[in-house]
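> Whenever a hint applies, use it, and build me the whole structure from the sequences.
So the protein lines, in turn, are chains Z and F. Using the numbering used here, you'd call the opening residue of the first sequence number 1 and step up by one each time. Using the numbering used here, you'd call the opening residue of the second sequence number 133 and step up by one each time.
Treat the hints as calculated values from the structure; they're not laboratory data. Cβ atoms here follow ideal geometry from the backbone N, Cα and C, with glycine treated the same way. Some hints here could point you the wrong way.
[As the list claims (entries may be wrong)] So these bits of chain F aren't anywhere near chain Z, every CB distance computed over 10 Å:
| # | residue |
| --- | --- |
| 1 | ASN152 |
| 2 | ASN154 |
| 3 | LEU184 |
| 4 | GLU208 |
| 5 | THR239 |
| 6 | HIS245 |
| 7 | GLY252 |
[Unchecked claim] From the structure, some residues in chain Z lie toward chain F, with a derived Cβ separation under 8 Å:
| # | residue |
| --- | --- |
| 8 | ASP68 |
| 9 | HIS77 |
| 10 | VAL80 |
| 11 | TYR93 |
| 12 | ILE106 |
| 13 | VAL111 |
| 14 | ASP115 |
| 15 | LEU116 |
| 16 | CYS122 |
2 protein chains.
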Amino acid sequence: MKQLKNSKQRTIILEALRLNCNHPTADEIYKMIHNEHPNISLATVYRNLNLLTELGIIKKIPIASSSDRFDATMTEHYHVHCRKCGSVQDFFYEDFSASKAAIEAITDYEVIHQDLVFTGICPQCKNETKEQ
Amino acid sequence: MKQLKNSKQRTIILEALRLNCNHPTADEIYKMIHNEHPNISLATVYRNLNLLTELGIIKKIPIASSSDRFDATMTEHYHVHCRKCGSVQDFFYEDFSASKAAIEAITDYEVIHQDLVFTGICPQCKNETKEQ
DNA sequence: ATATAAAATGATAATAGTTATCAATTTCAA
DNA sequence: TTGAAATTGATAACTATTATCATTTTATAT
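Printed below as a string of structure tokens:
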């Protein structure tokens with residue numbers, strides 16, 4: 001296992017993600033920090049987001065047909081993804097909390113985390129569809 | 133809405149997916165059919181998989197850090213994804229069945245489908261780790 | 001059966017997202 | 001303070017997916 005060393009860039013990237021609760025993509029984080037830190041490269045953003053994900057400090061949210069998104073909120077929660085506008089929103093539903101042990105029993109996997117992504121149409125997009 | 137017309141290619145692609153329960157990627161389906169149908173192009177495979185997904189005939193499974201996978205099993209079920217070997221396996225857990233209505237109530241989304249992907253380490257990879 | 005319009009295709013170019021490369025810089029334990 | 005390992009920025013390379021477009025196929029109306 002590789003011995004981690006501190007890096008200012010990693011700290012800045014993690015703080016930027018923690019300030020943005022809209023599940024930004026790597027590129028969105030790059031743009032967030034670029035004004036104040038124009039010398040941080042996109043590759044460094046990707047590198048650190050992946051590293052932080054491997055370390056379990058943040059989560060990567062896979063979304064069908066679009067970029068991966070990242071999430072620094074590690075308290076248990078789940079996501080709904082709007083198929084129309086692409087937004088991702090958090091929600092919590094207590095019934096899922098116990099499921100980890102159940103899934104491990106059913107599948108014999110060691111479950112690291114639960115990416116429960118519900119795909120649908122968000123309230124705003126539902127209204128727009130009606131109005132047309 | 134576009135008026136669909138039959139195509140032999142679409143039938144072949146859908147049948148290939150229905151024969152492969154390992155949640156293949158678009159490229160894997162292309163390779164499955166390529167020997168017998170060398171004139172079906174990769175673009176046609178992508179086009180039809182996306183079209184079938186939009187029609188709700190198959191599902192696209194988004195997996196972090198890898199290609200989208202496809203699934204023709206439309207009876208309700210969920211997935212576990214091995215972070216080491218990348219495999220995706222089905223499972224069913226009845227407690228999730230009622231969740232759609234609950235999530236709609238919580239989020240006010242119109243939920244189209246549930247991509248419940250649990251990430252972890254599969255039984256085989258767990259054993260390999262121990263043996264090292 | 002034929003003509004026609006719409007849909008679909010194959011081949012390939014283009015794009016987007018992400019990762020790899022590598023010389024230079026930074027970190028940190030000895 | 002030194003040296004090895006980790007990290008970086010810049011950019012090339014790569015992979016997955018989508019767009020383009022001339023051609024072919026499909027299905028409908030005649």
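> Can you give the numbers of the hints that this structure goes against, from lowest to highest?
5, 6, 7, 9
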